[in-house]
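Chemist: Chain by chain, the residues:
There are 2 protein chains.
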Amino acid sequence: MPREEDAKLSRRAWVATTSGVIAAGLVKTQADAIRLVAQEAPEGTQDPTRVPGRMVSEIGTRAPAEQPRRLIRAPALSSSSRSPLADLMGTITPADLHFERHHAGIPEIAYDRHELLVHGMVERPTVFRMADLVRFPQVSRIQFLECSGNGGGVYNRERMPTEVTVQRLDGLLSTSEWTGVPVATILREVGVRPGASWILAEGSDAAVMSRSVPLDKVMDDSLLAYGQNGERLRPEQGYPLRLFNPGYEGNTSVKWLRRIEVTDRPTHTRDETSRYTDPLGDGTVRQFSLVMDAKSIITFPSYPYVLPDRGWWEVRGLAWSGRGRITRVEVSADGGRSWADAELQGPILPKSTVCFRHLFEWSGRDTILLSRATDETGYVQPTVQQLWEARGLRTSYHQNHQRAWKIARTGEVTFGLGELV
Amino acid sequence: MPREEDAKLSRRAWVATTSGVIAAGLVKTQADAIRLVAQEAPEGTQDPTRVPGRMVSEIGTRAPAEQPRRLIRAPALSSSSRSPLADLMGTITPADLHFERHHAGIPEIAYDRHELLVHGMVERPTVFRMADLVRFPQVSRIQFLECSGNGGGVYNRERMPTEVTVQRLDGLLSTSEWTGVPVATILREVGVRPGASWILAEGSDAAVMSRSVPLDKVMDDSLLAYGQNGERLRPEQGYPLRLFNPGYEGNTSVKWLRRIEVTDRPTHTRDETSRYTDPLGDGTVRQFSLVMDAKSIITFPSYPYVLPDRGWWEVRGLAWSGRGRITRVEVSADGGRSWADAELQGPILPKSTVCFRHLFEWSGRDTILLSRATDETGYVQPTVQQLWEARGLRTSYHQNHQRAWKIARTGEVTFGLGELV
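From first to last, the protein sequence lines stand for chains R and H. Position one of the first sequence corresponds to residue 5 (this note's numbering), numbered consecutively onward. Position one of the second sequence corresponds to residue 5 (this note's numbering), numbered consecutively onward.
Don't take every hint at face value.
[Said to hold, decoys possible] Taking beta-carbon pairs under 8 Å as the criterion, some of the chain H residues facing chain R (in silico):
(1) A69
(2) P72
(3) P79
(4) T95
(5) P111
(6) V143
(7) S208
(8) V212
(9) G231
(10) N233
(11) E235
(12) A337
(13) G339
Bear in mind the hints are in silico, worked out from the structure with no lab data behind them. The beta carbon of each residue, even a glycine, is placed where N, CA and C say it ideally should be.
Bound conformation, chain R alone (with noise of 0.2 Å):
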């Protein structure tokens, strides 16, 4: 991804052919090019190869020039940190920069201690310890996780603002690597009773945070989550074990998890009435809105960055659907009149988020660039006039209209929404 000092320091025009893309101007001298190689490192700085370089460690770290970070919203006890899209490369978020949202903070928790009652609609009311449920047969994924909430700070503002930066925006989405025992197997071993129909998820937060969650769904694909891109999960993401619901809306993931019951109607907790729904124009709510359907978003270019120059860019981002497969990805260079369709980065992963990339050339003129996704159902991303006539404007959930960003003739990248789409 470039980065806002790469796309500022670039001063060469480029040239792109269905073959491959051509540099006009990066081309120097041989005989430059080895000057270059050969000459004096200047002051202040030393030729790596003539110095020895630092030992080994048991653990890596960054480099002093690398240091991403997550966008904290306040210091509260319910608060919220956000992963730097644009920062990052490809679908993995390391595990440090993975977005956490929480309505009590994180609690402390030994792995020895935890337990997970398993009661309810059930035959054998059971506890699991870790040591328990590390036994049973493991499996792992490469999934999304977003809260419901991403996007929601800018789709009903009356006055929108544009220096707004893709972690702000959509920072509540991450994707790791999830490692666990699917809850089939653990409901199997306690065996559900018929007629049952839905789980009550509880955590051991302060909040005591509590979701109701289709049985179906659990049956389906959902994890007890303990591990995390190749670790264990960190504290902030439910440390040691917590519910994963992959397509489903974060929130629903319930960390810290001590305690699944197995119901015939969903519990209707304070997380699911008071919060997590959404009010629609019609003066209703709807309450249960648990999958994210399909979104995009282009992380690159995008506020702050200036492209420096007209020319060939590759236009970056990423797709994703709670609903399966991201099947199709188009970019407009023109608010939406004329699509492209984006190549896609296999493999193609069912709700995962997607790399697409797209190469186009911007002529130096207003630019108003756009990403609109299609998965597997058929179902199309759609623009914020349709989800505003859709939903209405007194909900904060569930935003996953498309996003605009303008390049103005200066290069510089900001925020749109309605007047752009």
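Since chain R is already given, all that's left is putting chain H on it; use the hints.
Modeler: Only chain H this time, still in chain R's reference frame:
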């Protein structure tokens, strides 16, 4: 992945069925269960639901009790650190636990000052800065990297050690999502001259690590990598730029890459003549043994785990091949006389690690566990005898023979090799 403590603590017998696994003895009464959840926290701990948790942070940290570490060979200039594979889950290696191997320490290189010279048999010798390289069309791929010396430490020992961890044995293996620009794109950019057949890749560390790689290979799937698991390369992985040759011995993926010279023959550098060659049993030497053949290793159970009781356990491990996809992993629980197919965790990606898992019932008697991988070329991971016959005892590279673990009646697991297979 069960931890040693998990295995030691667990005191429960297991029964498996084809439709699931039943843990006999796990069941407690619902009254017990509810009492457990509701009981007072013991002295010295607090009920996490009664106290506000820790606040959000810009950068995450691991739980205090979860501190995986790389194993350092020696604090020398030419040294290595090994990934704690038995402590990890899934395929992705966290970047700070990715193995490292360098011959003169880790150089400090400034991103904005780093340059790559591409010259030799090319039409337009060119110096690329990082800002140039990140503008080219980008690709991301999940692939393994393995040092060809992996496993060499035990291969030709007269007295084979048995107290060997997976980390010590095979920890020079890690898997990441690598992001960069295809070498092919850059070579098309500079124009390869007719007759060219190899490249020389040179690093800007104090060892000036230099390796020859066939042109066909780098045109096929090699990357100029600048990203790893979403973030910029770490310094010990070549920041800001490394060559990444999927499936090739790790040393060819030259780090801190500063020069590519296109040639019509291998350069026969110090690093591919005095090292990284394989003396064979017949007095000849194998040079440019570049591809990592198919291999697998059981990571659980392995030394120093202790199985606390007989019954059903999930054998877990990793398999990989430098020639493409793994198609089959078999596990033997009788020293190689009979084999059963393990389950492979999809998606199975080419030149990447794949998790395999296999339920096996430990009888409580002395047991020898083995795994063997087959790749899409039909190649089957050899026994150590086959490797000794083919390669002799004088080499410590490319030791991809089957690894064995012996479970003693006490449940203690130790490493095995010759006498076990």
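Chemist: Are the hints correct? Go through all of them and say.
Modeler: Results of checking the hints against the structure:
no., hint, in the structure
1, A69, "holds (6 Å)"
2, P72, "holds (6 Å)"
3, P79, "holds (6 Å)"
4, T95, "holds (7 Å)"
5, P111, "holds (3 Å)"
6, V143, "holds (7 Å)"
7, S208, "holds (5 Å)"
8, V212, "holds (5 Å)"
9, G231, "holds (4 Å)"
10, N233, "holds (5 Å)"
11, E235, "holds (5 Å)"
12, A337, "violated (17 Å)"
13, G339, "violated (24 Å)"
When the structure is compared with the earlier hints, violations turn up for hints 12 and 13 and for no others.
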